[in-house]
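*Asks:* Given chain A's structure and the hints, the job is docking chain U onto it.
Protein sequences appear in the order of chains A and U.
Numbered as in this note's numbering, the first sequence ends at 256 without a single skipped number.
Numbered as in this note's numbering, the second sequence ends at 466 without a single skipped number.
Among the clues, some could well be false.
[Said to hold, decoys possible] Only pairs whose alpha carbons sit at most 20 Å apart, straight line, appear in this in silico SDA-like list of lysine to any residue:
no., chain 1, residue 1, chain 2, residue 2
1, U, 455, A, 140
2, U, 433, A, 96
3, U, 453, A, 94
Bear in mind the hints are in silico, worked out from the structure with no lab data behind them.
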Amino acid sequence: MLDIKGLRAGIADREILKGIDLKVNPGEVHAVMGPNGSGKSTLAQVLAGNPGYEVLGGSVNYEGIDLLELAPEERAQKGVFLAFQYPVEIPGVTNSYFLRSAYNEVRKAQGKEEMDPLDFLDLIEEKMKLVEMDPSMLNRSVNSGFSGGEKKRNEILQMAVLEPKLAILDETDSGLDIDALRIVAEGVNKLKRPDNATIVVTHYQRLLNYIVPDFVHVLAHGRIIKSGGKELALELEEKGYDWLLESSGATVASVA
Amino acid sequence: MTNVLDQVTKKAESSDVGHSREPVNAAKGHTMVEAYKELYSNLKLQSGVASQPAWLNDLRDKGFAKFEELGFPTKRNEDWHFTNSAPIATKKFDLRAEGASHSVTKEALEPFLFEGDWATIVFVNGEFDKDLSNFHRGNGRFFISTLKEATANDIRLVEQKLGGLGQIDINAFAALNTAFMQDGVFVGVSPNAVVDQPVHILYVGDSTGANTFVSPRTLIVADHHSEVTVVESFVSLNGAEGYFSNAVTEVYLAPGAQVKHYKVQRQTEDSFHVGSSFVYQKGDSNYESFSYAVGSSLSRTNVDTILDGDGAHATLNGLYMVDGDQVVDHQTRIEHVAPNCTSHEIYKGILDGSSQGVFNGKVYVHPEAQKTDGKQSNNNLILSDNAEVNTKPQLEIFADDVRCTHGATIGRLDENSLFYLKSRGVSAVTARKLLTYAFAAEVLEEMTIEPIKLKLEELAFSRFAE
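Next up, chain A with everything else stripped away, as it sits in the complex (with noise of 0.2 Å):
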């Protein structure tokens, strides 16, 4: 499904991604785990296509495209996906037009007739359970002055809305409390499918007892130095980062 091989990325004159390899099969959950700074993010944003990131090198192929030629709203039509952690807030549009309109574009673009508003609404009722959301919650602006849980919980009833291919989720668990991190979690369990895939980017191991993962990978300095099944990531959490940044020769000073 996807296929990354030696990509490298950055900001300005800085390059922060210096090489990255990694394959996802469908129905595979990856975990890409790593110390602040070490390029989890921008991976997750060039990915997604955010004109911020300048890609220098390598390639990605994502169902037999090269998905860096490809605009970020023709990547999201493709079934690409980026759950923000940071979302952005939208004063003055509503969730559900958002929400329609996304949905509508998606549709428009794979060649589906629009949705009307009172099916969507339907769909949107039954999509909201997913993340235990209050219904309130679509008619006040995108994001704006929801609570950090609210926003992540928005994020995935985006998700919901869309049903990706591959779904990033861009450090899903900062700033959730361990309920609002259960019900985001299980919201992408249950909407995980053999046919579709999910990166999961995380500082912490915490999330990863909710959405457990086929793979989990370690990136420093902006490349990959370890690959490991989802044990890597207890013993992640029991030794911390330094013992294989120090393996992989590099400092701690440098990573901080």
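*Replies:* Frame of chain A, contents of chain U only:
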């Protein structure tokens, strides 16, 4: 009707309020002022004017004398530094003949009306039109009439209040309006009375009003603990080229009064508009103002309020959206005279084409006005390379225990927000439209008159997002 507002007027006119304001330092003897002189003597010959009470004609004379003295403002005048008044000042306008016919129909006004039950008062080219209007004169608890009728019936309150807040000493356009004011509306509300039906005053220009100037005048007197909603629409129809509406509205709020006063300016882009609202508030009163400005080739709106009683609150919000060669200018002044008053102000602008926007907002806090809480912001969204905005939020604080904030922004659409929408599959074009609409909707959401909010949101939506 009681006259508890008497002392209010005096206070407003006394010299310790507004002392910081400089009179207009305009070029005198402007050629066009001579032309107005002729128009003014013609006006005085009109039967409707000649038969008016002496006090009103005195007020007119005072207004015209001030206008002559001040002349049209030039760029040397600080309040006109960014807006060139020349398109108005150098144009020769006509005075409309009394009782001239027009072509405005009910259907033509349909787009300018709001949902629900309104008292609707229509003036075409400055003149009251009974057939297009639909309103009750009141029930003894409140009184609504045309200004002409009110003066003809010798309503004392009108004589006492009209011109009390007009600022003709420093504002040439207010002086010009005072000299030429032909008609308008008087709304008087008794103590504790609530006017259930909102009042909608439509000042309409049509092709028969092309190249004329009209001077609508509105007076609102809300006695203590009364409530009233008044919306003034300034609109014009196709063919009203060179139509110039120069309006003044005076609003008095006695203690505890609540007045919602919105202005909707949707004149055609070949017309001109200048309008000033002068407001005076006693303690615990609440004045809510909204200025929506999308029309005219050149428009200028002043909103001035004086908070002169403990616990008074003012909300001054606005939205301007212009394109092409339009120029839109807003000047607000909030004067905190008494302690413990609050004022909140949000103005937003969206500018496209080669349009120009000006926002000049002053918050003036007197030494006695301790515990003042003032918030002011002006945010502008620029959609093209040639559009321009000048914004000048100003705080002048002479009390030491106040909380005042202000800020202004001029920018383009936020890249993060654009990316966020696009990452959900929304096309680049739709994302831009949606964010532009959202920028406008954010301030429209502040409106508390629901039918207007819905209507203006609809207009903004079809302008940007469809």
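*Asks:* Next step is simple, just say for each hint if it's right about the structure.
*Replies:* Here's how the hints hold up against the structure:
1. With a C-alpha separation of about 19 Å, the suggested pairing of residue 455(U) with residue 140(A) holds against the 20 Å cut-off.
2. At roughly 17 Å between alpha-carbon atoms, residue 433(U) and residue 96(A) fall within 20 Å of each other, so this suggested pair holds.
3. Using a Cα cut-off of 20 Å, the hinted pair residue 453(U) and residue 94(A) holds, with the two alpha carbons roughly 15 Å apart.
Violated hints: none; the structure is consistent with every hint.
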